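> As a plain string of letters, each chain reads:
Number of protein chains: 2
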Amino acid sequence: MNEALKQAKMAFEEGEIPVGAVVVSKNRIIGRGYNQTEKLQDVTAHAEMLAITSAANYLGSKYLAECRMYVTLEPCAMCAGALFWAQMGEVYFAAADSKRGFHQYNSHMLHPKTKVFSGILKEESETLVLDFFRKLRE
Amino acid sequence: MNEALKQAKMAFEEGEIPVGAVVVSKNRIIGRGYNQTEKLQDVTAHAEMLAITSAANYLGSKYLAECRMYVTLEPCAMCAGALFWAQMGEVYFAAADSKRGFHQYNSHMLHPKTKVFSGILKEESETLVLDFFRKLRE
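Residue numbers (full-length UniProt numbering), protein chains in the order written: chain A, 1 to 138; chain B, 1 to 138.
Careful, some of the hints might be misleading.
Derived coverage of chain B by chain A (criterion: at least 3 residues anywhere in the stretch with Cβ under 8 Å from a Cβ of chain A; other residues may be distant) [to be verified]:
id: 1; region: 18-29
id: 2; region: 41-55
id: 3; region: 82-92
id: 4; region: 123-133
As a list, the in silico DSS-like pairs of lysine-lysine whose alpha-carbon atoms are at most 25 Å apart [to be verified]:
id: 5; chain 1: B; residue 1: K115; chain 2: B; residue 2: K6
id: 6; chain 1: B; residue 1: K9; chain 2: A; residue 2: K99
id: 7; chain 1: B; residue 1: K6; chain 2: B; residue 2: K113
id: 8; chain 1: A; residue 1: K113; chain 2: B; residue 2: K99
id: 9; chain 1: B; residue 1: K99; chain 2: A; residue 2: K115
id: 10; chain 1: B; residue 1: K9; chain 2: B; residue 2: K122
id: 11; chain 1: A; residue 1: K99; chain 2: B; residue 2: K39
id: 12; chain 1: A; residue 1: K39; chain 2: A; residue 2: K115
These stretches of chain A come out as covered by chain B in the derived footprint (C-beta under 8 Å, 3 or more residues) [claimed, not checked]:
id: 13; region: 42-49
id: 14; region: 79-86
Rather than coming from a laboratory, the hints here were simulated on the basis of the structure.
As the structure is a computational prediction, the values presented were derived from the model and not from experiment.
Glycine included, each C-beta is placed from N, C-alpha and C at the ideal position.
Using the sequences plus the hints, can you model the full thing?
Shown next, in the form of structure tokens:
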């Protein structure tokens, strides 16, 4: 999750809502991503989406059942949908997103085989997002 | 919708589940996409996602509130999530997807301002998908 947080900090530095994600396979990072929706002017450029595409390219397979994703914020519905299709093995998210997190829509959006964990580096991830919006308002 | 169906037929010819989408702004097609998840080995390469990215690139804006999407199959949760973020003005889908369509998860996944219509070229779009899976089984 430290590596995902590093990705989130890169988003922060580039003026993007600071969310970062990594995909791990056999204890090795095979995909990284941070939110780039402003830079690319593309709503699909969420951290998770970029990390999934990157990991799938690395493996040459669209299925990531043997992988774990670490992401600093609870995935939105779009990203949960992508995690479903990829059949991601495990998803660890740091902070919950009480507004746009997928649990607000349906708790069963991930693949039935996907294991979900939350809370690691929760405070650091939340603080980063709060700092971003505080800075934005100033 | 005829143009979306043309995109779906291109997917069919390339051995992909035949779904196509176009984004229209001011009566002009500004984004096209057909399912390329097999070719790219990337679950995020759904027709709608590619068409959204393409339209946003064309406009230089991630918001597509003034646009309409025509898609041959009801969007899945991932694509509905992307349509939400893009604030797509109108969504027209041909065939319903009783298994993976976003209505199976939550009917309120699109942006509250998005208008949704369905049924245009429903039979042609359904037939194309059924033919694809029939051919696959043979």
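> Decide, hint by hint, whether the structure agrees.
Against the structure, the hints:
Using a Cβ-Cβ cut-off of 8 Å, 0 residues of the region 18-29 of chain B lie near chain A, which falls short of the minimum of three, so the contact claim is violated. Coverage of the region 41-55 of chain B by chain A holds. Counting CB-CB distances below 8 Å, 7 residues qualify, and the rule asks for three or more. By the rule of at least three residues with a Cβ nearer than 8 Å to a Cβ of chain A, the coverage given for the region 82-92 of chain B holds, with 4 such residues. Coverage of the region 123-133 of chain B by chain A is violated. Counting CB-CB distances below 8 Å, 0 residues qualify, and the rule asks for three or more.
In summary, the hint linking K115(B) to K6(B) is supported, as the alpha carbons are separated by about 24 Å, within the 25 Å threshold. Only pairs whose Cα atoms come within 25 Å are accepted, and K9(B) paired with K99(A) is rejected, the gap being roughly 38 Å. For a cut-off of 25 Å, the pair hint linking K6(B) to K113(B) is broken: about 28 Å separates their Cα positions. Restraint check for K113(A) and K99(B): satisfied, since their Cα atoms lie roughly 18 Å apart, inside the 25 Å limit.
Between K99(B) and K115(A) the CA atoms are separated by roughly 22 Å; this keeps the pair inside 25 Å, and the hint holds. This hinted pair checks out: K9(B) and K122(B) have alpha carbons roughly 14 Å apart, not beyond 25 Å. With a C-alpha separation of about 35 Å, the suggested pairing of K99(A) with K39(B) is violated against the 25 Å cut-off. Under the criterion of a C-alpha separation no larger than 25 Å, the hint pairing K39(A) with K115(A) is inconsistent with the structure, at around 32 Å.
Residues of the region 42-49 of chain A lying with their CB closer than 8 Å to a CB of chain B number 4, which satisfies the three-residue condition for coverage. Remark: the region 79-86 of chain A is confirmed as covered by chain B, as 7 of its residues place a Cβ nearer than 8 Å to a Cβ of that chain, reaching the required three.
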